[in-house]
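Taken in order, these protein sequences are the chains called W and P. First residue of the first sequence? That's 1 in this note's numbering, and the numbers climb one at a time after it. First residue of the second sequence? That's 151 in this note's numbering, and the numbers climb one at a time after it.
Careful, some of the hints might be misleading.
Covered by chain W, per the in silico footprint, the following chain P stretches (three or more residues, Cβ under 8 Å) [to be verified]: (1) 174-181; (2) 207-217.
As a list, the in silico BS3-like pairs of lysine-lysine whose alpha-carbon atoms are at most 27 Å apart [stated by the list, open to error]: (3) K178/P to K64/W; (4) K72/W to K43/W; (5) K12/W to K64/W; (6) K44/W to K217/P; (7) K149/W to K198/P; (8) K198/P to K106/W; (9) K24/W to K217/P; (10) K217/P to K69/W; (11) K44/W to K106/W; (12) K145/W to K197/P; (13) K198/P to K43/W; (14) K24/W to K69/W; (15) K275/P to K43/W; (16) K24/W to K178/P; (17) K267/P to K24/W; (18) K275/P to K106/W; (19) K24/W to K248/P; (20) K72/W to K153/P; (21) K24/W to K72/W; (22) K153/P to K44/W; (23) K149/W to K197/P; (24) K69/W to K198/P; (25) K72/W to K178/P.
Just so you know, these hints were derived from the structure itself, not from any lab. By construction, the Cβ of each residue, glycine as well, lies at the ideal position given by its N, Cα and C atoms.
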Amino acid sequence: MYKDMIGKRSEKVLNTIERGAVRKFAHSIGDEHPIFIDPEYAKKTRYGRNIAPVTFARTLDFGKIEELKLPKQGLIHGEQSFHYERPLYVGEDVYCYTEVKDYYEKTGRSGTMGFLVTENNGEDADGNVIFRSRSVVIINEAVRKEMMKE
Amino acid sequence: MSKLAELQVGQSLEPIELAPVSRMDLIKYSGASGDFNPIHTIDEAAKKAGLPGIIAHGMWTMGNLAKLFTPYHEEGFVKDYSIRFTGMVFLDDVITLKAELAEKNENVLHFNVVAEKQDGTAAIKGTLDFQLV
Numbered sequence: 001m002y003k004d005m006i007g008k009r010s011e012k013v014l015n016t017i018e019r020g021a022v023r024k025f026a027h028s029i030g031d032e033h034p035i036f037i038d039p040e041y042a043k044k045t046r047y048g049r050n051i052a053p054v055t056f057a058r059t060l061d062f063g064k065i066e067e068l069k070l071p072k073q074g075l076i077h078g079e080q081s082f083h084y085e086r087p088l089y090v091g092e093d094v095y096c097y098t099e100v101k102d103y104y105e106k107t108g109r110s111g112t113m114g115f116l117v118t119e120n121n122g123e124d125a126d127g128n129v130i131f132r133s134r135s136v137v138i139i140n141e142a143v144r145k146e147m148m149k150e
Numbered sequence: 151m152s153k154l155a156e157l158q159v160g161q162s163l164e165p166i167e168l169a170p171v172s173r174m175d176l177i178k179y180s181g182a183s184g185d186f187n188p189i190h191t192i193d194e195a196a197k198k199a200g201l202p203g204i205i206a207h208g209m210w211t212m213g214n215l216a217k218l219f220t221p222y223h224e225e226g227f228v229k230d231y232s233i234r235f236t237g238m239v240f241l242d243d244v245i246t247l248k249a250e251l252a253e254k255n256e257n258v259l260h261f262n263v264v265a266e267k268q269d270g271t272a273a274i275k276g277t278l279d280f281q282l283v
């Protein structure tokens, strides 16, 4: 049902990697390492500045694909991956967008499940890739049927 | 702490056992991540979704698992990190974070990573490539 969404992408959105947001995120995953939160410590590291935790990228704003209508409930996060060319720096500007990469269905004992693959990407001001991330979201039979009615 | 680059294939990082999962952990993660899906924080919402109780965000567990590598930031960075969410995490579950070096290629260390529940089953599992620089 999402086949025709493949290839659709959002407009790029400017995100600034905010110090406070990184600190709260590091706290929420129990990883309050000074490389993330202490500017003095960071000065002496190879980066010379604070970096963000690997999975912080997931919290950025990647914009909206207008045509893509997802159910509000019943989605299952099946897989997630991140690829980094370098760490994300605290304070930097990142241009983010999302793209539908694939959609397929599998039929099993619990009915037909939909698998929606999206890629959330972050680039610097010159268009160089900083990170790519991919998620697979599973849409179960009941939710699919609800969606079809609408 | 020894260097990551000195680790031999088959060796593991020192595992980390997390405190039992609390509602406050998940409230904090909701706020920090912006994921306010109520199945992670509100009992009624979880029950309505057919769950026995609230469940942790998969991304909370994935975020925790990566911290095994944070102390090694001077040696390199996490280049690739892929996870499958294989089991639900409930309140009071005790999660243990593990990483084993599976392969070494020049400047990339390939780890198998897992966040295990107290019964030994995997809540999440996958691979992590650490780029030495």
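Taking the hints in turn, this is what the structure says about them:
{"no.": "1", "hint": "174-181", "verdict": "holds (count 4)"}
{"no.": "2", "hint": "207-217", "verdict": "holds (count 8)"}
{"no.": "3", "hint": "K178/P to K64/W", "verdict": "holds, 25 Å"}
{"no.": "4", "hint": "K72/W to K43/W", "verdict": "violated, 43 Å"}
{"no.": "5", "hint": "K12/W to K64/W", "verdict": "holds, 9 Å"}
{"no.": "6", "hint": "K44/W to K217/P", "verdict": "holds, 20 Å"}
{"no.": "7", "hint": "K149/W to K198/P", "verdict": "holds, 21 Å"}
{"no.": "8", "hint": "K198/P to K106/W", "verdict": "holds, 25 Å"}
{"no.": "9", "hint": "K24/W to K217/P", "verdict": "holds, 15 Å"}
{"no.": "10", "hint": "K217/P to K69/W", "verdict": "violated, 34 Å"}
{"no.": "11", "hint": "K44/W to K106/W", "verdict": "violated, 51 Å"}
{"no.": "12", "hint": "K145/W to K197/P", "verdict": "holds, 21 Å"}
{"no.": "13", "hint": "K198/P to K43/W", "verdict": "violated, 49 Å"}
{"no.": "14", "hint": "K24/W to K69/W", "verdict": "violated, 30 Å"}
{"no.": "15", "hint": "K275/P to K43/W", "verdict": "violated, 34 Å"}
{"no.": "16", "hint": "K24/W to K178/P", "verdict": "holds, 8 Å"}
{"no.": "17", "hint": "K267/P to K24/W", "verdict": "holds, 25 Å"}
{"no.": "18", "hint": "K275/P to K106/W", "verdict": "holds, 22 Å"}
{"no.": "19", "hint": "K24/W to K248/P", "verdict": "holds, 24 Å"}
{"no.": "20", "hint": "K72/W to K153/P", "verdict": "violated, 45 Å"}
{"no.": "21", "hint": "K24/W to K72/W", "verdict": "holds, 26 Å"}
{"no.": "22", "hint": "K153/P to K44/W", "verdict": "holds, 18 Å"}
{"no.": "23", "hint": "K149/W to K197/P", "verdict": "holds, 24 Å"}
{"no.": "24", "hint": "K69/W to K198/P", "verdict": "holds, 22 Å"}
{"no.": "25", "hint": "K72/W to K178/P", "verdict": "holds, 21 Å"}
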